[in-house]
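Trainee: Build the full structure now, drawing on both the sequences and the hints.
Chain residues, written in single-letter form:
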Amino acid sequence: MSELFQPGQHPDADQLSAFAEQALPAHERQSVLEHLAHCVACREIAYLAGEAEFEELAAAGAAAAQVPSARKSRISGWFSGWNLAWAAGAAVACLIILAVELHLFTALKSGETPSTVASGLATSKTPPVARRTTPGQEPIMPGGKATQGTKKSVTPRPDVDVDAAPVTSALNSEVVDSAILTGRDAAELVKMAPAPAASAGKSSSAGIPVGSQSAGAASRSSASTGTVVSGADAEVPADTAEISATLNNELVDTAKLSQKPPKLPSHFAAVSTVSKGRVELAIDSAGSLFASKDAGKHWTAVSPQWTGRAVQVAFVTASRPEVRAYNAAPLNRAAIAAPALADKMQSETPSAASIGNSTVSGIVTDQTGARISGAKVTLARIDSAERRDVTTNQNGSYAIDRLVPGEYALEVTAKGFAPSRQTGIEVSASQPTIADVALRVGSEAAAVTVVSEGSTVETKSIPVSTSIKGEPAGIRAAVFQLTTDSGAIWTSSDGRHWKSK
Amino acid sequence: MDSAIPQPGDLSLPLESATLSPVVSTIEINPTAAVDAAISEELVEKLWRTAEGSACGIGPQEFAVILDRVGRRCNHGLPAGIDPSPSQRMEFYSALRLPELALAHACAMGREIGWERFLSLYRTPVAKAAVAITRSSTLGKELADSLYAELFGLKNSEGQRISPLASYSGRGSLMGWLRTTLVQRHIDFHRRTRREEPLEDLDPPALPLEPPTQEVDLLGRAVARTLKALDATDCFLLSSYFLDRRTLIEIARLLKVHEATISRRLKRLVRETRKHLVENLRAEGLSERQSEEALGADPRDLEINLRSLLQKSSSAAFPVQVEPAGPEQK
Numbered sequence: 006m007s008e009l010f011q012p013g014q015h016p017d018a019d020q021l022s023a024f025a026e027q028a029l030p031a032h033e034r035q036s037v038l039e040h041l042a043h044c045v046a047c048r049e050i051a052y053l054a055g056e057a058e059f060e061e062l063a064a065a066g067a068a069a070a071q072v073p074s075a076r077k078s079r080i081s082g083w084f085s086g087w088n089l090a091w092a093a094g095a096a097v098a099c100l101i102i103l104a105v106e107l108h109l110f111t112a113l114k115s116g117e118t119p120s121t122v123a124s125g126l127a128t129s130k131t132p133p134v135a136r137r138t139t140p141g142q143e144p145i146m147p148g149g150k151a152t153q154g155t156k157k158s159v160t161p162r163p164d165v166d167v168d169a170a171p172v173t174s175a176l177n178s179e180v181v182d183s184a185i186l187t188g189r190d191a192a193e194l195v196k197m198a199p200a201p202a203a204s205a206g207k208s209s210s211a212g213i214p215v216g217s218q219s220a221g222a223a224s225r226s227s228a229s230t231g232t233v234v235s236g237a238d239a240e241v242p243a244d245t246a247e248i249s250a251t252l253n254n255e256l257v258d259t260a261k262l263s264q265k266p267p268k269l270p271s272h273f274a275a276v277s278t279v280s281k282g283r284v285e286l287a288i289d290s291a292g293s294l295f296a297s298k299d300a301g302k303h304w305t306a307v308s309p310q311w312t313g314r315a316v317q318v319a320f321v322t323a324s325r326p327e328v329r330a331y332n333a334a335p336l337n338r339a340a341i342a343a344p345a346l347a348d349k350m351q352s353e354t355p356s357a358a359s360i361g362n363s364t365v366s367g368i369v370t371d372q373t374g375a376r377i378s379g380a381k382v383t384l385a386r387i388d389s390a391e392r393r394d395v396t397t398n399q400n401g402s403y404a405i406d407r408l409v410p411g412e413y414a415l416e417v418t419a420k421g422f423a424p425s426r427q428t429g430i431e432v433s434a435s436q437p438t439i440a441d442v443a444l445r446v447g448s449e450a451a452a453v454t455v456v457s458e459g460s461t462v463e464t465k466s467i468p469v470s471t472s473i474k475g476e477p478a479g480i481r482a483a484v485f486q487l488t489t490d491s492g493a494i495w496t497s498s499d500g501r502h503w504k505s506k
Numbered sequence: 038m039d040s041a042i043p044q045p046g047d048l049s050l051p052l053e054s055a056t057l058s059p060v061v062s063t064i065e066i067n068p069t070a071a072v073d074a075a076i077s078e079e080l081v082e083k084l085w086r087t088a089e090g091s092a093c094g095i096g097p098q099e100f101a102v103i104l105d106r107v108g109r110r111c112n113h114g115l116p117a118g119i120d121p122s123p124s125q126r127m128e129f130y131s132a133l134r135l136p137e138l139a140l141a142h143a144c145a146m147g148r149e150i151g152w153e154r155f156l157s158l159y160r161t162p163v164a165k166a167a168v169a170i171t172r173s174s175t176l177g178k179e180l181a182d183s184l185y186a187e188l189f190g191l192k193n194s195e196g197q198r199i200s201p202l203a204s205y206s207g208r209g210s211l212m213g214w215l216r217t218t219l220v221q222r223h224i225d226f227h228r229r230t231r232r233e234e235p236l237e238d239l240d241p242p243a244l245p246l247e248p249p250t251q252e253v254d255l256l257g258r259a260v261a262r263t264l265k266a267l268d269a270t271d272c273f274l275l276s277s278y279f280l281d282r283r284t285l286i287e288i289a290r291l292l293k294v295h296e297a298t299i300s301r302r303l304k305r306l307v308r309e310t311r312k313h314l315v316e317n318l319r320a321e322g323l324s325e326r327q328s329e330e331a332l333g334a335d336p337r338d339l340e341i342n343l344r345s346l347l348q349k350s351s352s353a354a355f356p357v358q359v360e361p362a363g364p365e366q367k
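Taken in sequence, the protein lines are chains E and A.
Here the first sequence stands for residues 6 to 506, where the numbers follow this note's numbering.
Here the second sequence stands for residues 38 to 367, where the numbers follow this note's numbering.
Among these hints, one or two may not hold up.
[Unchecked claim] Per label pair, the in silico range of CB-to-CB distance:
id, chain 1, residue 1, chain 2, residue 2, range
1, E, Gln27, A, Glu325, 38 to 48 angstroms
2, A, Glu149, E, Ala65, 26 to 36 angstroms
3, E, Ala31, A, Arg301, 20 to 30 angstroms
4, A, Lys312, E, Ala65, 44 to 54 angstroms
5, A, Arg282, E, Gln27, 19 to 29 angstroms
6, A, Asp182, E, Glu60, 17 to 27 angstroms
7, E, Ala68, A, Pro116, 40 to 50 angstroms
8, E, Glu60, A, Gln251, 42 to 52 angstroms
9, A, Lys312, E, Ala68, 41 to 51 angstroms
10, E, Ala93, A, Ala164, 49 to 59 angstroms
11, A, Asp182, E, Gln27, 25 to 35 angstroms
12, A, Pro123, E, Gln14, 30 to 40 angstroms
13, E, Glu60, A, Ser194, 34 to 44 angstroms
14, A, Arg319, E, Ala31, 32 to 42 angstroms
[Claimed, not checked] Here are a few chain A residues that face chain E, going by a calculated C-beta distance under 7 angstroms:
id, residue
15, Lys165
16, Ser206
17, Thr218
18, Gln221
19, Glu325
Everything labelled a hint here was simulated from the structure, so no lab data went into it.
Note that beta-carbon positions come from the ideal geometry of N, C-alpha and C, so glycine has one too.
Mentor: Rendered as structure tokens:
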């Protein structure tokens, strides 16, 4: 016991601190413990000293715990933990954006515009068309391969498969149609006419190839057949609106037809172009649409707002569309009927007695020249009960073959249009007969009778001059018209913004 | 090295050389007679070097005197009446916290270098301990400042300065000693201020107790015998837990055992105490039923007995806040 500050029996600070630190010998610890058991004051001192020590240690521990945490907080800056993931993600996103931009830039430089890419993708989804090719013929594949094939200078081939790509057939139909509308020389028509229906039945005379090989192929086939195209002037009865088009106003200069096709950004060949002032539209062989505001000097891709590939573009006025085709086989009217003929061959089985080698084909359109698909065409022989029923295809064309020469009556009906009946159609055995029908908008109950005046189309010149009396209902304003491979028709006033018709 | 600091082995150091500091030390160090004869000079020098006596401003001979005084005061760690052997002395000296012992006594001797070392080592811990004790930074600072003044030395009636640091034996840590001293001073301060409180603020004096009934008297005697039979540790546990309302963790922290150990021991202690109490009641002539009924007496009647039995000291450091219940009632 200390005699300094704790006189008497109380342990001093040295003993109490040593007791708390277990530093006292056993006998002294026991004596201190006995004293603590009975001395509340010394117990208070001991407990209070112990609490103070514990708080000091706790404070020191907290401070020691704060030091690593503060150091850790200093170490863990923005560049640690998930912050690195964010930075890495941002870097990857930047790389992706840069790669896309580079791809687009290179695509633009190489001609693959976004629209081209899109159409290419759409094209790639299109299943390849099974075709029969003659030995040595390079198959025309849809999409880029076909386009590449057209870029080569291929020698003309005489025979083209009937089951050519829809693009080709549709294009050729329009080409032929436009060629007819331009009033070309009948001799040229004769030269470019395909094989007769009989040979077409062998599926070797309908298709028109694309590009430079088309004209040669068509002319060679026409030269070998010497088909005479017969036409008829349309005369509308007085009780109906008389529709006729002055095709001479829209004659396309022959020189234009043979002019050099524009160089499109895609570097593909242009298969269809149309112009309206300085605005020109062009479709390349890949089905992409390009527009030019400066008469073809600079072309920009038009983003496709349609499904499928664009196959033909035209400028539709109050009368008929203006179409230019480059190096395509023009005036091949029989080519129009060929696909339809091939399509209907197997579904139509005429009676054995009436089987002949004559053909009647034509195009069913409305008053604006838009083609009507699914129209029912009935050809009835006057002097017998023979009737042949066909339906127009997607291009609005039809063809009836294996006809016995004679006089026929043609009746066309379509939903939403007034029926049309055309009589006095002479079908000869030597040449196919062309019978186009323009339907009027109206109820099906209304009857439109078309009386044919001319029996045979002159081979030298086609008197297709017509006059418009009054403005029939349904005539549209002058717009661009685009036809896709699926037959859908889109219209646009500026060539860039298109609406489905 | 300071010229005033004696060199190792310099046993002829005059007393004046040890009191050159401004503070006049009252520690009487006789370099020729105070040193324990059982300690060789080599051992003293070794202990002195271990204690870093030169850094505290004391020489080996002075340190030897300090060791001798501490050893004799504590009987070298042996119970009273046992004469320690040289080995026991050496064992006792070696177990001491020699650096802290040298520093504390150097400060008690008024060595300036020792005070500088002391302040550099313990100024901040003492301040923190004072704040922790008083739970106030202001009071803690005042408490620490007052302790420094006291540690520096107070003159006694004979004009000699007496520093509490001279009572440090080196068995425990110097910081523990300082903390305990701070607590003592804090409690002394609390006692003084409590005594200075106005009388009307004090609780009214307790009414004279009614004479206990026979049953309570029997119970009181039985409780007294039961508690007297407890050893010091059990009595300390009961006092701390039931009288001081200390928590298990506080008791465990003081005794340096686990809290669960205190809990188990308290449970067993209460059970055995009750058992012994019933036995003592039956020894007083009560039946078992009467003994059980006696245990259900009002604890407020037993509180007086328990406090008088468990708490011999009448001077409470802090006023008793809650009337504790007897362990039997728990």
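Trainee: If a hint holds in the structure, say so; if it does not, say that too.
Mentor: These are the hints, each one checked on the structure:
no.: 1; hint: E:Gln27 to A:Glu325: 38 to 48 angstroms; result: holds, 43 angstroms
no.: 2; hint: A:Glu149 to E:Ala65: 26 to 36 angstroms; result: holds, 30 angstroms
no.: 3; hint: E:Ala31 to A:Arg301: 20 to 30 angstroms; result: holds, 22 angstroms
no.: 4; hint: A:Lys312 to E:Ala65: 44 to 54 angstroms; result: holds, 45 angstroms
no.: 5; hint: A:Arg282 to E:Gln27: 19 to 29 angstroms; result: holds, 24 angstroms
no.: 6; hint: A:Asp182 to E:Glu60: 17 to 27 angstroms; result: holds, 20 angstroms
no.: 7; hint: E:Ala68 to A:Pro116: 40 to 50 angstroms; result: holds, 43 angstroms
no.: 8; hint: E:Glu60 to A:Gln251: 42 to 52 angstroms; result: holds, 50 angstroms
no.: 9; hint: A:Lys312 to E:Ala68: 41 to 51 angstroms; result: holds, 49 angstroms
no.: 10; hint: E:Ala93 to A:Ala164: 49 to 59 angstroms; result: holds, 51 angstroms
no.: 11; hint: A:Asp182 to E:Gln27: 25 to 35 angstroms; result: holds, 31 angstroms
no.: 12; hint: A:Pro123 to E:Gln14: 30 to 40 angstroms; result: holds, 32 angstroms
no.: 13; hint: E:Glu60 to A:Ser194: 34 to 44 angstroms; result: holds, 39 angstroms
no.: 14; hint: A:Arg319 to E:Ala31: 32 to 42 angstroms; result: holds, 36 angstroms
no.: 15; hint: Lys165; result: holds, 6 angstroms
no.: 16; hint: Ser206; result: holds, 5 angstroms
no.: 17; hint: Thr218; result: holds, 4 angstroms
no.: 18; hint: Gln221; result: holds, 6 angstroms
no.: 19; hint: Glu325; result: violated, 30 angstroms
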